[in-house]
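The lines below spell out each chain.
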Amino acid sequence: MYAFIARRLVATIPVLLIVAVLVFLMLRLTPGDPAAILAGDAANTEQIARIRASLGLDRPIVVQFGIWLGNLLAGDLGESFYYKTRVVALIGQRLEPTLALATLTILVAVIVAVPLGVAAAWRFGGWFDRALMGFSVLGFSVPVFVLAYMLIYVVSLKAGLLPVQGYRRLADGFWPFLYHLILPAITLSVIYIALIARVTRASVLEALGEDYIRTARAKGLPEVRVLVRHALANAAVPIVTVIGIGIALLIGGVVVTESVYAIPGLGRLTVDAVLARDFPTIQGVILFFSFVYVLVNLLVDMSYVFLDPRIRY
Amino acid sequence: MKRTILAAVLLAAASGGAFAQDKVLRIVPHSNLAILDPIWTTAYMSRNHGYMIYDTLFGSDEKNQVKPQMVEDWSVSPDKRLWTFKLRKGLEFHDGKPVTSEDVIASLARWGKRDAMGVALFTFVDRMDTPAPDTFRIFLRESCGFVLEALGKPSSNVPFIMPKRIADTDAFKQIEEHIGSGPYMFRKDEFKPGDKAVYVRNPKYVPRKEPPSGSTGGKHVYVERVEWNLALRDAQAQVNALVKGEVDIIEQPAFPLIPGLKSDPNIVVYTYSPPLQYMARFNHLHKPFDNAAVRRAAMAAFAQEPFLKAQVGVKELYKTCPSMFTCGTPYASPTGSDIQSKSSMKKAQELLKASGYDGTPVVLMKPTDLTAIDKLPDVAAQLMRQAGFKVDLQAMDWQTLVGRRSKKDPPDKGGWNMFLTAWQGPDIWNPIANAALDTRGEASGWFGWGKDDKIVELRNQFMREIDDAKKKKLAEAIQVRAFEVATHVPLGEFDAPLAARKNVTGFFRQTGNFYWNLKKN
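Protein chains in written order, with the numbering used here: chain A, 1 to 313; chain B, 1 to 521.
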């Protein structure tokens, strides 16, 4: 097991290096000049050229890449062109809102979706199963921003129960923190509820057709125990895989939700950095996302050992 | 009833903070604040940040008249070459140190290396000195007609006064400390880029006695704290937050949402600043717009109304303005504008035919993500096609456009022929500030690189002229020539109103986005 973890961690290095090279090259080939953006609308070409030089963008790409890679290997992601702040510090500032939103979303999604999926499999073909499948299709189909605006209108503007926007840090108190996250988490969780419920239903349905379920029922075990202890436990691997992918996607893909609810997370940072052609920040954030993907996948793989005793690394 | 109680309980539990809510002004600015040095960039957000924490020697009132701000008194020698200024008493930086003439000189010197008007002014400056801590002098090589206009210019780059140790920073490096003597103090420890910027009242600030007007007058602060919400950038979400009372002011609500805001009894929509002007800019370096006759044909095709109707839409928010200077300001005049204002599509077609246009496609850049100007290029393309131009309308994001417009390469090698933009009124209200009228060719620097020696000469005369009536005549002559050679095309003006909760009062006519004199009841 430890050898497996070590091998996987070592394998992340070439993955991250390839990502680094690709991101660096793609950014240099994309149109747009960070110096022109920084200089402002009324700046002239001479001023832009001087800013370009001060950012080191007038050097050959190979030299720029060498400097950046050298810094990267020393653990330095560089300084944001746009914010004049270390990229690591920027990611640190934006990590909490995104992690908080992702965690709450996944919690809500798992707590709601897994029981629903199990129940739908248990009542396969019945009205509840059909209703859940219908909800799943809807959950996949409704764009997040549409759902967000609908929830804001009903819950915030009409009922006045929750704020329409904003984020409070955990350090400001747990309730203010939660109060501002409930609506964004519900908005974002709908698609994950739809996804996890469908996968849970399919996996549990498959498990329910197995001989050991028939045996458990023949032994006279209560139906809840059959469903949870025997069916769900054996159906856990695909469910956990989907949840893992969901977490990874959430961390890098909450841009719309963060925009609509004005949450200063990593998604917004990425969009702002792209719009400002803030190369160091884009490179840093994408490297970070890649690392998170690799790490989450590793954790998911490791969890298989605990979920299915037959799996050994 | 139950719902109301629940909402109240939830809100009470979630709220808190050191300041009473009526002492905190929560503002949604028009953009993100990233660069904290208003001399290093011309970005309006950085300028607005500057107005919060710095003060200026002079300002421009709502009638565009230059008035003293940090300056108490000033005099000029009979030959107009020696200007002596005395600072007001009691001026103090946020770190407790007094504002001295040394600070002023250092600040002006840095500004004079970056700002277009500053650079122009410093071509006249022989030297500056500080005979006393509260007095500074500017010695000119020859008389110059815009000393006060430059020192009191209200828009980017504004000559803000900083402590000498900060102002001594290389003009092409960003400052690291943000200490001014303005009505608010910047809380760097609370600044989270892309999230929020916080300013607190400067208790030692001594406002002038005059009422606030433009960027001049008494800068009274009645709130303890101003918070700029930098994360709230979705237009609908901004309105939702204002309606719910989670923010107090939206600096620039989207045009389509303004009628809805006006119908809300708790919200007031103010038009508080000078109008903005749309502009089409030619690239004078390359075919077909290297030919003035072709540019004139395009100008004749560009009636202002279609642009304004398509982009702004709300009738009471726009108006045509047949002037290259902001309408309603001293140099605005319709003189020479007939080629555009009294033209027709038939005339444009005739002009194009007579111009020798060879069918070279016009590469017209369209920013798809900038909702304030994204419809203008479509209108321009259609009008030019009707006139007989071939148009290659290229969609891109604004930042790509900003990068591309600085390239002097031919259009088929990554360059361009035309883009459209918008200027805040104070940026184009005189021939020196108006970048499109700097016609020194590639030396002039502003994208498009127009070249016309006659305008250069007239502009030089304008800079030297001290008589207001003669300056007006010269500005008129510059405009006449600019229409003749079609340096660019003014496309009409529009207001960008502000929306605020009804309990915020004290708004006044401004020349930017200023947050003093406001009370939250």
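It is possible that part of the hints are untrue.
[What the hints assert, rightly or not] Footprint (simulated), chain B over chain A, 3 or more residues, beta carbon under 8 Å:
{"hint": "1", "region": "84-92"}
{"hint": "2", "region": "157-165"}
{"hint": "3", "region": "230-241"}
{"hint": "4", "region": "271-278"}
{"hint": "5", "region": "282-291"}
Since the hints were derived computationally from the structure, they do not count as laboratory data. Predicted model only: the values in this text are computed from it and were never measured. Glycine is no exception: its CB is placed at the ideal position from the N, C-alpha and C atoms.
Hint by hint, here is what the structure shows:
{"no.": "1", "hint": "84-92", "in the structure": "holds (count 3)"}
{"no.": "2", "hint": "157-165", "in the structure": "holds (count 8)"}
{"no.": "3", "hint": "230-241", "in the structure": "violated (count 0)"}
{"no.": "4", "hint": "271-278", "in the structure": "holds (count 4)"}
{"no.": "5", "hint": "282-291", "in the structure": "violated (count 0)"}
Hint compliance for this structure: hints 3 and 5 are not met, and every other hint is.
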